[in-house]
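**Student:** Protein chains in written order, with this note's numbering: chain U, 1 to 271; chain P, 1001 to 1409; chain X, 2001 to 2368.
Take the hints with a grain of salt, since some may be wrong.
Covered by chain U, per the in silico footprint, the following chain P stretches (three or more residues, Cβ under 8 Å) [to be verified]: (1) 1014-1027; (2) 1088-1096; (3) 1103-1109; (4) 1191-1201.
As a list, the in silico SDA-like pairs of lysine to any residue whose alpha-carbon atoms are at most 20 Å apart [claimed, not checked]: (5) X:Lys-2088 to P:Arg-1132; (6) P:Lys-1156 to P:Asn-1106; (7) P:Lys-1090 to P:Ser-1075; (8) U:Lys-53 to P:Lys-1156; (9) U:Lys-53 to U:Val-38; (10) X:Lys-2088 to P:Ala-1021; (11) X:Lys-2088 to U:Val-38.
By construction, these hints were calculated from the structure, which means they are not laboratory data. Treat the numbers as computed from the prediction; the structure is a model and nothing was measured. Glycine included, each C-beta is placed from N, C-alpha and C at the ideal position.
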Amino acid sequence: MLWLPSYATGPERLGRLAVLVFVALVLIFLIAPFFVVVPLSVSKEAFFTLPVKEYSWRWYQDFFGNERWIASVINSVIAAVATTILATMLGTAAALGLARPEFPYRRAVMSLMLSPMIVPIVIVAVGSYLFFGGLGLINTRPGLVLSHTALALPFVVVTVAATLSTYDTNLTRAGLSLGAPPVAVFFRVTLPAIAPGVISGAIFAFAVSFDEVVVALFLTSAERRTLPVQMFSGIRDQINPTIMAAATILLGLSIVLFIVATWLGRRGQKA
Amino acid sequence: MSAALAGRDLARAVRRSARPAQRVAFLLGLPALLFLFVAFVAPLGALLSAAVENPEVRQVLPQTAAALAQWDGASTPDEPVFAALAADLKRANEDKTAALAGKRLNYEMPGMRSKMLSAARMAGGASAGPFREMFIAKDPAWGALETWQVIARTAKPYTLYYLLTALDLQQAPDGSISRVDAENAIFLSLLARTLWIAAMVTIGTVVLGFPCAYIITITPPAVGRIMLLLVLLPLWTSLLVRTTAWVVLLQTDGVINDILLWTGLTAHRLQLIFSRFGTVTAMVHIQLPFTILPIYSVMRGISPSQIRAARSLGAPALSAFWRVYAPQTLPGVVAGGLITFILSLGYYITPALVGGPADQMISNFISTYINRDLNWGLASALGVVLLAVTLAIYGAFLRIAGPDRMRFG
Amino acid sequence: MALNAPLLRAKGADDLVVFDGVQKSYDGHTLVVRDLNLAVKRGEFLTLLGPSGSGKTTTLMMLGGFERPTAGHILLDGKPVEALPPEKRDIGFVFQNYALFPHMSVAENVAFPLRYRGVRGAEARQRVAKALDMVRLGGFGGRRPTQLSGGQQQRVALARALVFQPKLVLMDEPLGALDKQLRERMQIEIKHLQQTLGITIVFVTHDQSEALTMSDRVAVFHDGILQQLASPRELYDEPANAFVAGFVGENNFVPCTAMRIGPHAHALLESGLSLVGTMPVALPNAAQAMLAIRPERIGLVASGAEGAVACNIAEAFFLGDHTRVDATVPAFGGMNVTIKLPPSTPVPPPGASAGLVLPEQHCRIIAP
């Protein structure tokens, strides 16, 4: 049970046991928050006390009965869908180009493409506010989608590039040698083969946009508020269990997206 | 038989024959690149320029700015400059814009805001000069050389004021640069605090993450896969949701305090939320997957026979691990640690919700300067400092690990 | 350079492919293929043979249109094709790992090239069925490639490359992933298909026995240079240089100086011994050369026999179909010589003295 080789000695076994206990605690630490958010969202009480004494759906009723929450969900979905489409198309094309060794200045371009992932989000938000302000894009959907797409792009590029690294380029060559024009080879041979990676990238893009708070905070005012912004202001003002219901809904969505992406990832490895 | 190509001819021929393929590859990347320039690089450019832009005084005192362009700066200006100032202030009094320029002047010379406002009121009622004497009679400061040096400097289109301030430096009216007094010096210590919190988070994630990655690597695949899911799931969960959970967990009457009381580790409830401990704990939690995954991917590539070989050569278990296995994991530890350090530098949400006033990081100050003080220049300058530090460490990461090491899932 | 095939500029009507001064470099300072001149005859089975990195696969990729020559021309049916994209060349290609499309059924894979040649519907189905029958996979059309064994996948790849009746089929180590027995069966199957269909095949391999089994002619590559282009027998019996002699079959090499005295070619050894041999390619007098003798061409006789070269038996191994003997030869500067004897031949014990018989017609004096 300690996953040690059969030649392990007594002290080794003791040491391994200690490490395993430590790792178990770390894993509990990793998922602990879920065991807080979910129960509190179905607790009848308005205070955050655990364990839950009485269960109730009232906070979910609050959530779905409140126009502000619903509007914020709709705003988030619209922005995330648009971001997903844009980022997936741009990112897949870019990954296809960057997968070719002859791409000029490949390393530099790759580093630039990935940089939205590491530049502090507040800087992106402030810069976008300043730059989009001049273009009249503040508090508009296109402005938010533009910024979210830039943030999501690296995730699509990384995911598709990872899939392409296992893609057999002889498939493309075979398609061409059999007489199919390059565009037909892309749609009939390459795309089906890398589809799991592309869809994973799309899911990542959706998650990035749907979870993003800071840029949305700067670029949107009340009527275009996204769900995370609505939650953020809620936590800042007066934290209440409706936020736990919202968090649980977000959490559920994340888990669904995660399961789909994991499943696709495994399918992609098999192909 | 054609002679074999060599030297420069060969290099040229290779470049020529590679060009069509290069073009296709580049065209595929071009839309994304153009998009990034509009939606990402240009906003960063806007931030950089906002850190040095200086429009307020030029806007409110255009004639004064023009008149001061010819000024030698050696002594208090003559009547024409005062006349221009009077004309500008008369207009500013009508448009109620004097406060705008006054606020900007006040940054560099405290007290200038009220002096501008009262001078504007005076100019509003005055019709004829000489204005020089009129201004000096109103406030002797208008006759001081220093006042005019500051006005001349702030009337230029660009300024170093914000960037200097963000580095705890100040510029005297005569242009010399010096450190600000200890009581006003906040930004270098803010930078140090930000780096320190990021370092603590990095150390925390490596200490917690390294054993996890190791155990995931050596367990049977079925168990390892479940452990990996537990690591990946938080990565997919919204940062806001996780931070919310920590707000609840860390509350004074929250679960962690309940457990501490119940186990008898403390006699009374501890202040966990709005503390450094709470901030770092929540950040470690959020960053842990980013550190574990690169370590895990390196560990997976190390053959188990490495340890067996070390043991067969006579190394005891611990020393086989530390002297043979651990050094080979270093690329993963460095990559994971650097990623976490870089990402930790830019944290905003978590310190804002879980941290106290002493745990706010640069990002939070940027937000505060915009939302509370409407001081875009200083916010942008702080952004430039943060961006420079981040990009420097990103550069180190690219040099050590390369862009292809950035992977998730 | 003198080793290259004769000048091949003439676009003979029976030449389907001509490489004319073709060169390829990726990095701009090293040449992967150096000044290649080579003609592929209509209907022949030509193999490009060489170790990895010799330029054989690059040559095939240039012919298939996946790499552009850095210099020179490739003529297909007399027309230059360097600028022609692969999909317009009408060349069948069988890849090393088959490159079957995993998301399509076997039949869809085979029908793929027909679609781009305007063949659809019933005719396409009929031709797919015929092609699958041809490779003995009739009835497998509905399966996925992943449900087939390696040998079956290999045959699907073959059917797919043949179904559109290309005039030329290229194969890049197509049998490399199969086990030995299956590989030998597929070699014969492919050879038969080529003969019945009358197509031209250019085949790449690093396996010399595969090359000898299947080819009408073999082009041996080394360091980006075409070393020799000849029939399998000629290659084996009359290697143009030491590389070919060593790469195709086994050989014993003894450094020597080439001398032509009257009608005879002589190999002058350092020990002063002079052996009469043949010179497949004329070498200048006093040139540094190699004396190459195949192990199975050497006879073993009693010590001191007339015309024999004295040797000492070092070791002997019984290998079933033959006995392999290693002997040291003082006249060769103490070098080891390997001899293959019929299994029934008695072999003197290790340490014993014996004599080597080196027949004149099997002593090749060749460039080092």
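**Student:** Indicate, hint by hint, whether the structure satisfies it.
**Tutor:** Here is what the structure says about each hint:
| no. | hint | verdict |
| --- | --- | --- |
| 1 | 1014-1027 | holds (count 7) |
| 2 | 1088-1096 | violated (count 0) |
| 3 | 1103-1109 | violated (count 0) |
| 4 | 1191-1201 | violated (count 0) |
| 5 | X:Lys-2088 to P:Arg-1132 | 86 Å, violated |
| 6 | P:Lys-1156 to P:Asn-1106 | 16 Å, holds |
| 7 | P:Lys-1090 to P:Ser-1075 | 25 Å, violated |
| 8 | U:Lys-53 to P:Lys-1156 | 66 Å, violated |
| 9 | U:Lys-53 to U:Val-38 | 14 Å, holds |
| 10 | X:Lys-2088 to P:Ala-1021 | 17 Å, holds |
| 11 | X:Lys-2088 to U:Val-38 | 61 Å, violated |
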